[in-house]
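Peer 1: These are the residues of each chain, in order.
There are 2 protein chains.
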Amino acid sequence: MSTTANPPHRTAFFVSDRTGITMEMLGRSLLRQFDNLQFNEITIPYIDTPDKAAAAVSEINERAAADGVRPLLLSTFANPSIRAALNSANAFHLDCFGSLIAPLEAELGVTPSPAMGHSHRIGDTADQRRRIDAIRFTLDHDDGISRKNWAQADIILVGVSRSGKTPTCLYLALQYGVCAGNYPLVPEDFARAGLPEQLENLGGKLFGFNIHPERLHQIRSERKPGSRYASLDNCQQEVRQAEALMKREGIPYLDATNKSIEEMAIAVLHHAKLQRKIY
Amino acid sequence: MSTTANPPHRTAFFVSDRTGITMEMLGRSLLRQFDNLQFNEITIPYIDTPDKAAAAVSEINERAAADGVRPLLLSTFANPSIRAALNSANAFHLDCFGSLIAPLEAELGVTPSPAMGHSHRIGDTADQRRRIDAIRFTLDHDDGISRKNWAQADIILVGVSRSGKTPTCLYLALQYGVCAGNYPLVPEDFARAGLPEQLENLGGKLFGFNIHPERLHQIRSERKPGSRYASLDNCQQEVRQAEALMKREGIPYLDATNKSIEEMAIAVLHHAKLQRKIY
Numbered sequence: 001m002s003t004t005a006n007p008p009h010r011t012a013f014f015v016s017d018r019t020g021i022t023m024e025m026l027g028r029s030l031l032r033q034f035d036n037l038q039f040n041e042i043t044i045p046y047i048d049t050p051d052k053a054a055a056a057v058s059e060i061n062e063r064a065a066a067d068g069v070r071p072l073l074l075s076t077f078a079n080p081s082i083r084a085a086l087n088s089a090n091a092f093h094l095d096c097f098g099s100l101i102a103p104l105e106a107e108l109g110v111t112p113s114p115a116m117g118h119s120h121r122i123g124d125t126a127d128q129r130r131r132i133d134a135i136r137f138t139l140d141h142d143d144g145i146s147r148k149n150w151a152q153a154d155i156i157l158v159g160v161s162r163s164g165k166t167p168t169c170l171y172l173a174l175q176y177g178v179c180a181g182n183y184p185l186v187p188e189d190f191a192r193a194g195l196p197e198q199l200e201n202l203g204g205k206l207f208g209f210n211i212h213p214e215r216l217h218q219i220r221s222e223r224k225p226g227s228r229y230a231s232l233d234n235c236q237q238e239v240r241q242a243e244a245l246m247k248r249e250g251i252p253y254l255d256a257t258n259k260s261i262e263e264m265a266i267a268v269l270h271h272a273k274l275q276r277k278i279y
Numbered sequence: 280m281s282t283t284a285n286p287p288h289r290t291a292f293f294v295s296d297r298t299g300i301t302m303e304m305l306g307r308s309l310l311r312q313f314d315n316l317q318f319n320e321i322t323i324p325y326i327d328t329p330d331k332a333a334a335a336v337s338e339i340n341e342r343a344a345a346d347g348v349r350p351l352l353l354s355t356f357a358n359p360s361i362r363a364a365l366n367s368a369n370a371f372h373l374d375c376f377g378s379l380i381a382p383l384e385a386e387l388g389v390t391p392s393p394a395m396g397h398s399h400r401i402g403d404t405a406d407q408r409r410r411i412d413a414i415r416f417t418l419d420h421d422d423g424i425s426r427k428n429w430a431q432a433d434i435i436l437v438g439v440s441r442s443g444k445t446p447t448c449l450y451l452a453l454q455y456g457v458c459a460g461n462y463p464l465v466p467e468d469f470a471r472a473g474l475p476e477q478l479e480n481l482g483g484k485l486f487g488f489n490i491h492p493e494r495l496h497q498i499r500s501e502r503k504p505g506s507r508y509a510s511l512d513n514c515q516q517e518v519r520q521a522e523a524l525m526k527r528e529g530i531p532y533l534d535a536t537n538k539s540i541e542e543m544a545i546a547v548l549h550h551a552k553l554q555r556k557i558y
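In order, the protein sequences belong to chains Z and B. Taking the numbering used here, the leading residue of the first sequence gets 1, the next gets one more, and so forth. Taking the numbering used here, the leading residue of the second sequence gets 280, the next gets one more, and so forth.
Note that these hints are calculated values from the structure, not bench results. Treat the hints with care, as some may be off.
[As the list claims (entries may be wrong)] Derived pair list, reagent style EDC-like, types lysine to aspartate or glutamate, alpha-carbon separation capped at 16 Å:
| id | chain 1 | residue 1 | chain 2 | residue 2 |
| --- | --- | --- | --- | --- |
| 1 | Z | Lys277 | Z | Glu200 |
| 2 | B | Lys526 | B | Asp512 |
| 3 | B | Lys556 | B | Asp406 |
| 4 | B | Lys556 | B | Asp412 |
| 5 | Z | Lys277 | B | Asp412 |
| 6 | B | Lys427 | B | Glu493 |
| 7 | B | Lys503 | Z | Asp154 |
| 8 | B | Lys427 | B | Glu479 |
| 9 | Z | Lys273 | Z | Asp154 |
| 10 | B | Lys526 | B | Asp433 |
| 11 | B | Lys556 | Z | Glu41 |
| 12 | Z | Lys224 | B | Asp412 |
[What the hints assert, rightly or not] Here chain Z is said to cover these stretches of chain B; the calculated rule only asks that three of the stretch's residues, wherever they fall, bring their Cβ under 8 Å from a Cβ of chain Z:
| id | region |
| --- | --- |
| 13 | 312-319 |
| 14 | 365-379 |
For glycine and all other residues, C-beta sits at the position ideal for the given N, C-alpha and C.
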């Protein structure tokens, strides 16, 4: 079997003693910097015993043999003995935590606790409850449903149907414990002077999503092809009227076209100066 | 003003040229290793121009003056000129990307692209659509609602009411594009032989959540204090019957007590060997 230094696909293992969420996210960010290479990414979570470490090493070694080139092994282990066990793998091992903790340790003048990584452990019970409450609020106040308790929202997203409000609200609730409701602006809202009844006196909590009509047409056409609702003409009209309403009512808004859910969630947090509720 | 090397609270800035999600997650994981210190954590996203970098430096310097000790500045910048601008801040600057990319660059034998970090950019449109579809599926199949399309689920979580199914499903849909439904096991289900109608012939997709009766009692009591539903006696009975049903039907299950949403989501992915649908 021939081996090459840079095959088109190289395997990258993301290994952690806990969920691996941080490692996977960091690893993907790092590898995206090497745009011209393709990686086969494999996450192995919960490597928290010597037996599991040995099994992970076997899996990595098998892949090294199959690929003909040693995989990348990116790890975040807080436990030094588990970390050391992974060093025996036939891989290029980048110990991400170790590389970053050593300089922090020097600056802070204290030694890190030898505990397992615990970035995604349940926080205190109050934290968990706030998070569940936010999710419940967001589900109850999705798409304008529920006529009550809108005043308890931390933020209320408004915009035309299919502009991305629901996923953004769910992300805000799940990741930040923010009670995020959303209300779809529909033709009846454009006809009326003032805001829909549910949103009266909530001006300071409203935040708008705008979207390019062509993109909206494309999204809606996937759902209801050929409908009046999805037509470019209707999308243009709705977007224009929604923007006029947001301007008239003084609702700040952002363009959601071609933005990911995370990007919109962070933009809302940042622009509306929301505080995260969970830590 | 007196300055000390290790005040009880030290400010840590997480700065990024994009959403800052990766930096914040990594930074929090790193600082959690120093259990005996308290940090005041501030995330500054979207520092992608020299002007914004200068504003961030000012904010950091003001905090350094107020704290009487230089803050920690943890950054993930792909853009070297923005990264360099932050070096002028009165802070201990740990360039997380730079520290990790240099060894990767040497191993891979290629230079990283000078593009901005783009770990949370929208992927291709198909990716985004799969994600939105999964969220829609999950909302439509939350709490046993909808009597149709259960066969399109990638996974269906079952367990007693308030065992954590809904948040876990939403996390799986948002972060991994997994179509996750959930069905609450209620007393009528325990009385019947076999599975509820919606779940018939879906055995391979079912995954159960178990929970300690005391914890369930505590959670339910926050919602409906003093109710029969929340009583410890009833919780013990439901949990016992749910476990018996899962065993009888051969449904694999995990204990959700004291687990975070992320921990349960990753456990489900891992144990049910689900594939992520988005990249």
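Peer 1: Look at each hint and say if it fits the structure.
Peer 2: Here is how each hint holds up against the structure:
Distance check on the hinted pair: Lys277(Z) and Glu200(Z) sit about 25 Å apart at the alpha-carbon level, beyond 16 Å; violated. Taking the CA atoms of Lys526(B) and Asp512(B), the gap is near 21 Å; set against the 16 Å cutoff, the hint is violated. Distance hint between Lys556(B) and Asp406(B) is fulfilled; the C-alpha atoms sit about 8 Å from each other, no more than 16 Å. For a cut-off of 16 Å, the pair hint linking Lys556(B) to Asp412(B) stands: about 11 Å separates their Cα positions.
A threshold of 16 Å between alpha carbons decides the hint, and for Lys277(Z) with Asp412(B) the separation of about 28 Å lies outside it, so the pair is violated. Proposed proximity of Lys427(B) and Glu493(B) is contradicted: the alpha carbons are some 34 Å apart, above 16 Å. Between Lys503(B) and Asp154(Z) the CA atoms are separated by roughly 24 Å; this puts the pair beyond 16 Å, and the hint is violated. Restraint check: the Cα-Cα separation between Lys427(B) and Glu479(B) comes to about 12 Å, which is no more than 16 Å; the hinted pair holds.
The straight-line distance between the Cα atoms of Lys273(Z) and Asp154(Z) is roughly 11 Å, inside the 16 Å bound, and the hint therefore holds. Restraint check for Lys526(B) and Asp433(B): not satisfied, since their Cα atoms lie roughly 21 Å apart, outside the 16 Å limit. Simply put, Lys556(B) and Glu41(Z) have alpha-carbon atoms about 13 Å apart, close enough for the 16 Å limit, and the pair holds. Distance hint between Lys224(Z) and Asp412(B) is fulfilled; the C-alpha atoms sit about 14 Å from each other, no more than 16 Å.
Counting residues of the region 312-319 of chain B whose C-beta lies closer than 8 Å to any C-beta of chain Z gives 5; at least three are required, and the coverage claim holds. Residue count for the region 365-379 of chain B with a Cβ under 8 Å from a Cβ of chain Z: 6. That meets the three needed, and the coverage hint holds.
The structure fails hints 1, 2, 5, 6, 7 and 10 (numbered hints given earlier, in ascending order).
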